[in-house]
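The residues making up each chain are set out below.
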Amino acid sequence: MDHLPFISAAPALAILVSLAAVPLIALSSKIPNLREFWTLAAGVVKLLLVLSMAGWILAGNTYVYEIWDILPGLSLKLRVDGFGMLFALVASTLWIVTSIYSIGYMRSENEHAQTRFFCFFAVALSATIGVAFAGNLLTLYLFYEKLSLSTYPLVTHHQDREGRGGGRKYLTYLLGTSIGLALPAMLITYHLTGSLEFSSLGVFPETVSKSTLVVLLLMFMFGFSKAGLMPFHSWLPGAMVAPTPVSALLHAVAVVKVGVFSVLRVLTGIFGIDLLAGQDLNTIVCGVAAFTVIVSSCIALSQDNLKRLLAFSTVGQLAYIILGAGLATKLGVTGSMLHISMHAYSKITLFFCAGAIFVATGKKYISQMVGIGKRMPVTMFAFFVGSLGVIGLPPAGGFISKLIMVRGALDADMAWVLGVYLTSSFLNAAYFLPIVYRAFFCTADESMFEDKVSEAPIFCWLPPVITATISVVLFFCPWLYLGFANVMFQ
Amino acid sequence: MMSAQAPILILLIPLLCGLAITLVAQKSKNLAFFLILIGMIGSFSAACSTLIQVLQGSAPIHYRLGGWPPPFGIELVIDHLNAMVLFIVSGSALLTAVYSRNTVIVEIPDRVHHYYTLYALLVSGLLGMVATGDAFNLYVLLEISALSSYALLARGRGLAYLSTFKYIIIGTIGASFYLLGVGYLYIKTGTLNMADLSQMLASPDMKESVSIKTGFVLIIIGVWVKMGFFPLHGWLPNCYSRASTTTSCLIAPLMTKVSIYVMIRLMFSVFSVDYVFNTLQFQQAVVWMACIAIVAGSISALAQQDLKRMLCYIVLAEVGYMVGGVWLMNSNGFAGAVYHIMSDVMMTLCLFMAVGAVIYKTGDSSLESMRGIFRKMPVTATAFLIGGFSIIGIPPTCGFFSKWYLITGAVETGQYHFMIALLFSSLVNAVLFFRIIEIGFFNRFDDSGHGIHQKFEFSEAPVMMLAPMLICAASLLVIGLYTSFILRNIVQWTIPAGL
Amino acid sequence: MYMESLISFIVTEYNYSAALILIMIGMYGMIAKNNLLKKVIGMSIFQSAIILFYISIGYKGGASIPIIKHGSGMADHAAIDPTLYVNPLPHVLMLTAIVVGVATLGVALAILQKIYRVHGTIEEDEILESLKE
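In the order they appear, the protein sequences are chains Y, F and S.
Here the numbering used here is used: the first residue of the first sequence is 1, the next is one more, and so on.
Here the numbering used here is used: the first residue of the second sequence is 1001, the next is one more, and so on.
Here the numbering used here is used: the first residue of the third sequence is 2001, the next is one more, and so on.
Chain Y extracted, bound-state conformation (with noise of 0.2 Å):
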């Protein structure tokens, strides 16, 4: 690729536009439909300098920009390629429909210090667009940071002792391993090459070991812990007492997935793939990853909390994204990255159908939900749309994803992976169908709720629809996420 990189104050204007609105939304916290303008106006004009960018990375440009020398040698700098863009685009998007949902959430149920929780959930977008954005490690490592420091009072917002247990837990396990592994992992790898700077090729040269190697491989996925490969998984679901919408966007979209995101960058940008194939490092990634995929997804099948069952799912869809980038081939890669966007889509669709359930019956747990497809039709199919997506089965934009990885397996010959694929989807049909199915189809005496339609307030219905649809057109035109992940392998 010939392509010069575009310099471009661009991708630091998207970082710093949710910024820029804390202090609007903090100052407008007596006027609450002023605040909410605050946040979805950032958000609009977010996505739409993210989507200014998308054309010029569709036709294999890269934007980059340094924002700081920070260490000689070693500068802060953004550089937007195409899965950054795949991802920033991603969280954007999302970031607006979550915003509609969590005033209509926030208002229901009436909860506290909503200018606290809008304030600081516009920090933790503009940390998710950095890390989409960041141009090397060091970068990344610096957003990853500000993420989890601001994505805290989010999720410990009841204040309650289940909330302090929760944010602990969260604290412990992100910040622990993110100081105990990944730094020292990024210092050693920078004693050993001298660059933090992603290239498809990798950076270590050939003198680095073997053994060295796979000691820093397993540093840097475990200390990305966001991105919950057993056993660093527990805070996914000990965070789960945030309220829904924080649970919607930062644990199935941006926390977890800046988790994915990271790992990805470095098996792809720091090791190269070639690397990874050629000293059959490969087969650690998708051991540690198929695993994680098989045990998260039998948990999931005991749990009776909703958002319980979802955070387990989640720790398995971000297992098999791993496992898709372990294969080390292009199409392997190419399909974690698309399944990034694609869970994205309809994961936040359940999480968001979780919570339009709890504003209108106040109930959170499966055995108390048989027969709500009766009074909750719409939630309950959007419902169905997202769980479709997260097996993988047609028409939603999850069975392309899970389609281009099962490919990528055979391209590998490493068909136990295929196993491991089709038992995961085997398993998520298992844990999802019952509860639509019991949702819908049971008879008039065990249905626990009266047949008569009344939907949560249109704000927290509205939004899964939305993303169920964007999940369905995905699976009919996916050309454009698509077109991002080959941009890396152009």
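Do not take every clue at face value.
[Claimed, not checked] Listed below are the simulated DMTMM-like cross-link pairs for lysine to aspartate or glutamate, each with C-alpha atoms no more than 25 Å apart in a straight line: (1) F:1455 to Y:109; (2) F:1455 to Y:162; (3) Y:363 to Y:450; (4) Y:363 to F:1446; (5) Y:146 to F:1438; (6) Y:364 to Y:445; (7) F:1376 to Y:160; (8) F:1376 to Y:111; (9) S:2132 to F:1368; (10) Y:364 to F:1446; (11) F:1188 to S:2013; (12) F:1376 to Y:162; (13) S:2060 to F:1196; (14) F:1213 to S:2013; (15) F:1455 to Y:111.
Because the hints were derived from the structure by calculation, they are not lab data.
This structure is a prediction, so every number in the text was calculated from the model and none was measured.
With chain Y fixed as given, assemble chains F and S onto it according to the hints.
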């Protein structure tokens, strides 16, 4: 004209101010405050001017007192290293002076002018230690600052008198060890000027001399006592935590860091890299001791229920960072230690100021006094958070970058135990600060685990306390963001030849 | 052989041994004594020992006090024989050290007085005992 005299003015201005305060400000507290402010501003601007001169010219500034040429006269030698330390010491003394406006009147209502006299004396002693180029002069200035710090520390809470008494005993042992060590060097070389000493000590037979080795060990032990390096640290937490708010803001960040500076100066300007690391064989042992200091300091901090004591143990762990960094025998580790002197002064100052404000408002220094802090004192809480993040080492605060260099040094020399100690301390610090953040963020719970609704009225500390605190907090970010600038223009020049 | 040189060192350079013994006595007092005043006395002995050590290193056999005979004029200035005079520099330095020592002693005694007023005793164990009650 004035700028040529700037090096001596740095310590002369506070000294004269101290004198003036005790003479004319007996009746008026405002006048005392005004004079100390003038003194600190004068000293700080002289330090700024010196720093600029050093940055512009590449050679160190030699200032001969009374025009006597060395080695007969005393001289002040200002190079990049001590220009930076002078700047940061006088700057933080100025910030503390502003901050002291409200606290001193509450804590020492009867003797404000005496307090400020000692304050000025302590600062000029510290600045003199940093500026001087003479080993004996260093001893005298060390004792000047120590004597005034004894008096300042004694006016504290609870057992302050007893713990200060113990500090006097231990501090005197430390200073006397230093003096004895200098005596050994004097016997062998017949000079006390640092530059002269280092020339004499470079000869091969001096390297083998047992007297010189004994002198070195005595000097280093003396300095370690002063900085509270493990295992000579016992006096520090008791003494600093019981001191009054202003005193601990002034002494806790500065005394230890100036001692670190003295250690670096003596190790590399009097002795040499070759002597310290090749002729003597302690390098490994000292790094291990630093690791123990870091781990022990962090764990002890975790066990504390009092905010100030907790901070004192953090200071001890930070001393381990810097001593370890210097002794790593690696240019990156050394750069990390020097950079950390600067950042650590600011972050401990920021934390002590924030805690001082909490004590000022609540009268309580237990962890529980932080309850509802985010509602009651949002500005103080913000400063505390930034200081805490810097101690933990979260980018882009300066604490992250000093750790970056220290760890790089450890990795490059293969001393992974030091890296592990640093990471361990980061993690413990994270626990420490998030424990406090939790107390601040959550209310007490009722039986069902829900927060009891408590109304916290907004009641922030006075502006004179908040302003220096916020400047400190902002400086943590500024130092962090300008790491590259600081390293290129200051720290890089301080790395001794041969490292 | 080694023993011999050690003995000759002790006999001929007895000033070092004397200083060392005094330092040890002082250290013992500072660390081991329970009475705070005795600690202060130990500290004073310790400092005096160092002062004596310094003074003794200025000594030269057969030399006189460093006041130059016939030193009123500028003539003969270069012709002074340093072996005729003891080294004055350590003495001058110790003047400062004595001042420092006295000041330290003063501060220590003042604080000791405060301790006595607050706790009613200067025995360390009694002070700690009284805190437990």
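Structure-based check of each hint:
For the suggested pair residue 1455 of chain F and residue 109 of chain Y, the alpha carbons sit about 22 Å apart, so the restraint of at most 25 Å is met. For the proposed pair residue 1455 of chain F and residue 162 of chain Y, the alpha carbon gap of about 21 Å is at most 25 Å, so the pair holds. Of the supplied pair hints, the one linking residue 363 of chain Y and residue 450 of chain Y holds, its CA atoms being roughly 14 Å apart against a limit of 25 Å. A C-alpha spacing of about 24 Å is found between residue 363 of chain Y and residue 1446 of chain F, which places the hinted pair at or below 25 Å, so the restraint holds.
Taking the CA atoms of residue 146 of chain Y and residue 1438 of chain F, the gap is about 18 Å. The hint holds against a cut of 25 Å. Simply put, residue 364 of chain Y and residue 445 of chain Y have alpha-carbon atoms about 21 Å apart, close enough for the 25 Å limit, and the pair holds. Among the hinted pairs, residue 1376 of chain F with residue 160 of chain Y is consistent with the structure: their alpha-carbon atoms are about 19 Å apart, no more than 25 Å. For a cut-off of 25 Å, the pair hint linking residue 1376 of chain F to residue 111 of chain Y stands: about 21 Å separates their Cα positions.
Simply put, residue 2132 of chain S and residue 1368 of chain F have alpha-carbon atoms about 23 Å apart, close enough for the 25 Å limit, and the pair holds. Among the hinted pairs, residue 364 of chain Y with residue 1446 of chain F is consistent with the structure: their alpha-carbon atoms are about 23 Å apart, no more than 25 Å. Between residue 1188 of chain F and residue 2013 of chain S, the direct Cα distance comes to roughly 15 Å. Compliance with the 25 Å bound is thereby established for this hinted pair. Restraint check for residue 1376 of chain F and residue 162 of chain Y: satisfied, since their Cα atoms lie roughly 24 Å apart, inside the 25 Å limit.
Proposed proximity of residue 2060 of chain S and residue 1196 of chain F is supported: the alpha carbons are some 23 Å apart, at most 25 Å. For the given pair, residue 1213 of chain F sits about 19 Å from residue 2013 of chain S by alpha-carbon distance, which is consistent with the 25 Å threshold. Of the supplied pair hints, the one linking residue 1455 of chain F and residue 111 of chain Y holds, its CA atoms being roughly 17 Å apart against a limit of 25 Å.
Of the hints listed earlier, there is not a single one the structure fails to meet.
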